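Asker: Take a look at the letters that make up each chain.
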Amino acid sequence: MRVGIIGVGMTAFRPSTPEYNWKELMFEAASRAYADAEINPREDVDSFLTCAEDYYEGFGIFDEFVPDQLGAALRPTCTVSGDGLQGLANAYMQIQTGLIDVAVVEAHSKASDIVTLDGVIEHALDPIWNKPLGAHPFVVAGLEADAYLRVTRTSPKALAMVVAKNHGNALKNPLAAYGAAVEVEDAMRSPERFAPLRALDISNPADGCVVLVLASERAAKKLHSNPVWIRGVGWASDSPSLETRDWSDAAYARIAAEMAYRLAKVRRPATEIDVAEIDDRFSYKELQHLESLGLAKKGDAGKRVMRGDYGAEGRLPVNVSGGSLGCGNVFEATGLHRAAEVALQLRGDAGVRQLDRVRTGVAQSWRFIPSATGAVAVLGVGG
Amino acid sequence: MTARISRWPGVELSAADLNERKVTQTRFRPDAKYAWSAGEAMSRFLAELQNGRLIARSCRRCERILFPPRMFCEECFRPTDEWIFIQDTGTIETFSVSYLDTDAKRIAEPILVGVVSLDGASPKMGMMHFFGEMTKDEIRIGMRVKAEWRPPRERQGSVLDIRYFRPLRKGEQ
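Going down the list, the protein sequences come from chains A and B.
Sequential numbering from 0 applies to the first sequence in numbering that gives the first Met the number 0.
Sequential numbering from 0 applies to the second sequence in numbering that gives the first Met the number 0.
By construction, these hints were calculated from the structure, which means they are not laboratory data.
Fair warning: there could be bad hints in the mix.
Said to hold, decoys possible - For lysine-lysine, the following DSSO-like pairs were computed, each having C-alpha atoms within a straight-line distance of at most 27 Å:
| no. | chain 1 | residue 1 | chain 2 | residue 2 |
| --- | --- | --- | --- | --- |
| 1 | A | Lys-296 | A | Lys-156 |
| 2 | B | Lys-104 | B | Lys-135 |
| 3 | A | Lys-130 | B | Lys-21 |
| 4 | B | Lys-169 | B | Lys-123 |
| 5 | B | Lys-32 | A | Lys-130 |
| 6 | B | Lys-145 | B | Lys-123 |
It should be emphasised that the depicted structure is a prediction, and the values quoted were computed from it without experimental measurement.
Whole structure, please, built from the sequences with the hints as guidance.
Answerer: This is how it looks when you write it as structure tokens:
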């Protein structure tokens, strides 16, 4: 049975949203998604899933506070403690069981509510091995960026190209928080942070909420919708130990992609994928992930971004949304935002950033520092 | 069964052993601070507490007065419509007599806590709070109560601007 996305709802992404609490943010995104799907959540939805990490929220059992603003009061609701794409995969499986027809997936960020964001991220480090060192948690990204650049012989200029491209793409995305005309030189000269990473290589936090409505093919027909099909999903986690990682290769993304491609019957991703939304919360991650997903040969992604292959007019448009560098780091909502963007592109609803002739797209996410966990979804239209 | 065991095998650890670092340990104090935006509904609610008033939102479709106020109706899944003040009197729906404090220590005078459904809000809508000016033997479900407010200078825009709910006095209803 096929499962499709029949509704997309997003708030704007903003550095902070003091006028709203997170529930009101969620109500806005949910209202937009249900209007898009033309459904009534109180009658038409069988299951609700939210994706959140209590430690980002700042209170326990976050999911207890979810039902009201999602239309889920007294309905089946559960939480995936992970990225939005992991929630999407779970909703996809729920529908595949045949027990339910319509599911809603929600993910959000209210990062501006976190006063000590670095401290909260640091708390994810291993308490015995790594935390006693007291290093800033983003050092982990510096270590990986260094290994990636060295092993793949990628020029630091390629990272600056990613930064310039994604901030520029965000200028065409009215939802993006950090659209800007950034020159490659600006990125290369921004202050050093976690060498080889500079200030502009690191995405800045943003608030926002994303809600998607999923339906079985049967329900989609009944609701007269025009679905974007979820052709495949996959997810994987590497060993959490920083000391035993490969560092240059994002193995979690490679394995997640293999799983999603197998389900989607994608055999040659490099030629079959028309549009990609890739986790770029640190600039090098976009290049590393492109290689892990088989969209570039190992060591080629840097050269190709410098050739313009990944621009909106390039051979494989990557992060036309602006990515996390351009839209902001929305934490557990990152992957769901990317799936939403791919769905809009495939539907032809991406506004001024709409691409021509895109029928198959991939969305990929990583669960941020210090994780080695990722998820992939392959979406498609027609057929 | 365990009642018959007077001495457990092994070495018992005391807090002092830990403090004196006789035990291998790793200590870390998380730096986790949050400042939640209260949002549209709660901000107004907290501001009105400072004025000594309780405010709710109405939903025109299900004809309910929603308290605490919210910008969306969870029954109808639509935006709520208007601000409405409700009364600070109500009825005890449920209560408990707590003999332990938050540190699980026994307290001499038990704390009375419960939920009050408030007059003017829809049925079963109100707030959880302390009860005062009554004993554990006097409190009962269905009892009529009224908010005992802190003096205006002491109010901070918190649910603790109400000290507790107390029984109605003569002439109050």
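Asker: Are the hints correct? Go through all of them and say.
Answerer: Against the structure, the hints come out as follows:
no., hint, result
1, Lys-296(A) <-> Lys-156(A), "18 Å, holds"
2, Lys-104(B) <-> Lys-135(B), "19 Å, holds"
3, Lys-130(A) <-> Lys-21(B), "21 Å, holds"
4, Lys-169(B) <-> Lys-123(B), "25 Å, holds"
5, Lys-32(B) <-> Lys-130(A), "18 Å, holds"
6, Lys-145(B) <-> Lys-123(B), "16 Å, holds"
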